[in-house]
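Using the sequences and the accompanying hints, generate a full structural model.
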Amino acid sequence: MPKNNAKRSPSATPLLGPVRSSSASVKLIRPIDLAAPTVEALDEPLIANVEAYIDTVEITYPRRPKGLLAEARAILGRKGWFKDIIDTKGNRWGVRLHLHQPTPELLAALDKYGGSLGRFDIAFDIIPRDMSIEMMARVIRECAILRWRRPQAMFEIEGTLYWTEWHPGEVRPDRNLAEYHDLPSKIDGQPAVHLELRFQTSDATKAQNLQRPSQLATLNPRALFDRHIRILDFQLHIADDINSSANPDRTRGFYERNYQRRVQLFKDRQPHLIKLLEPLNSRFAIKDHLTWGAVSGPKDAFTWLTRDQQSQHLAQSQHPSSALIMQPANTEEKP
Numbered sequence: 007m008p009k010n011n012a013k014r015s016p017s018a019t020p021l022l023g024p025v026r027s028s029s030a031s032v033k034l035i036r037p038i039d040l041a042a043p044t045v046e047a048l049d050e051p052l053i054a055n056v057e058a059y060i061d062t063v064e065i066t067y068p069r070r071p072k073g074l075l076a077e078a079r080a081i082l083g084r085k086g087w088f089k090d091i092i093d094t095k096g097n098r099w100g101v102r103l104h105l106h107q108p109t110p111e112l113l114a115a116l117d118k119y120g121g122s123l124g125r126f127d128i129a130f131d132i133i134p135r136d137m138s139i140e141m142m143a144r145v146i147r148e149c150a151i152l153r154w155r156r157p158q159a160m161f162e163i164e165g166t167l168y169w170t171e172w173h174p175g176e177v178r179p180d181r182n183l184a185e186y187h188d189l190p191s192k193i194d195g196q197p198a199v200h201l202e203l204r205f206q207t208s209d210a211t212k213a214q215n216l217q218r219p220s221q222l223a224t225l226n227p228r229a230l231f232d233r234h235i236r237i238l239d240f241q242l243h244i245a246d247d248i249n250s251s252a253n254p255d256r257t258r259g260f261y262e263r264n265y266q267r268r269v270q271l272f273k274d275r276q277p278h279l280i281k282l283l284e285p286l287n288s289r290f291a292i293k294d295h296l297t298w299g300a301v302s303g304p305k306d307a308f309t310w311l312t313r314d315q316q317s318q319h320l321a322q323s324q325h326p327s328s329a330l331i332m333q334p335a336n337t338e339e340k341p
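Residue numbers (the numbering used here): 7 to 341.
Each hint should be verified, as a subset may be incorrect.
In silico DSS-like links for lysine-lysine, alpha-carbon gap of 25 Å or less [unchecked claim]:
(1) K118 x K85
(2) K212 x K293
(3) K118 x K72
(4) K89 x K118
Simulated from the structure, these hints should not be mistaken for laboratory data.
Written out as structure tokens, the structure reads:
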């Protein structure tokens, strides 16, 4: 995450308290068992194709294992690096290995060096079928929930939205969700919405029954996505509430002002209503195995694209979309 010395930015979502609306009743949508998608849901058209891959891995050691960096460089063709782990009193008690887009071969080779798996990020490159990248990003930002997250602020910095606010120097949350869409997919260079599910502590990785780096290669991204992320049709819920309201502008302002149109913040205040919103997970085509071959590169540059691909990506990202799949019933009230 980019460094940010300020403890809170104006872009951070304020902490939430109970909210009541005198003008907008919360409209209940048909109850659905979120753990078991219905047959009707499985027959609905897909919203997007999704490629999943390992993005970042961190492994902690008491000291630098001899020969590890040389072997990692020989397998990857690029550098990994160690960073000292220093406590608040300035004492060094270990080192942390950082790797981006590791291969199955490297993950298997790392087993013999021991260490503790302290972090891994699963990246989901979401490629929409019938909408623009900007509209797909809006769906993810407004409709995605990080499950079992305690009520707190969301945070946006440099175009990346984080579901849990965190700043350097603070204790890492066990899990986080991050989204940005200003860069193409690291798999094939297509415009994509990039969503990362981050397990940021050793406790979080152990909760996934992972003890060795090689076990990451056998992860089921579809199962991880469904277990930790829930996409709900919050846009339809808002549109229905606006269309049935006697004062649509006031109702629209209520959702903008109190929830920023984000279902995660709605869940923080109205957790008992979340199970009544329609789930959309089954409409995202996610494989049950990882995709390999992601190209490493910093977020602030198209380092994995050729010049021709860069110009093509920019042209495609500026192309207007057709219609958003979750259209409101009244087009005049479309958000």
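Hints the structure fails to honour: none
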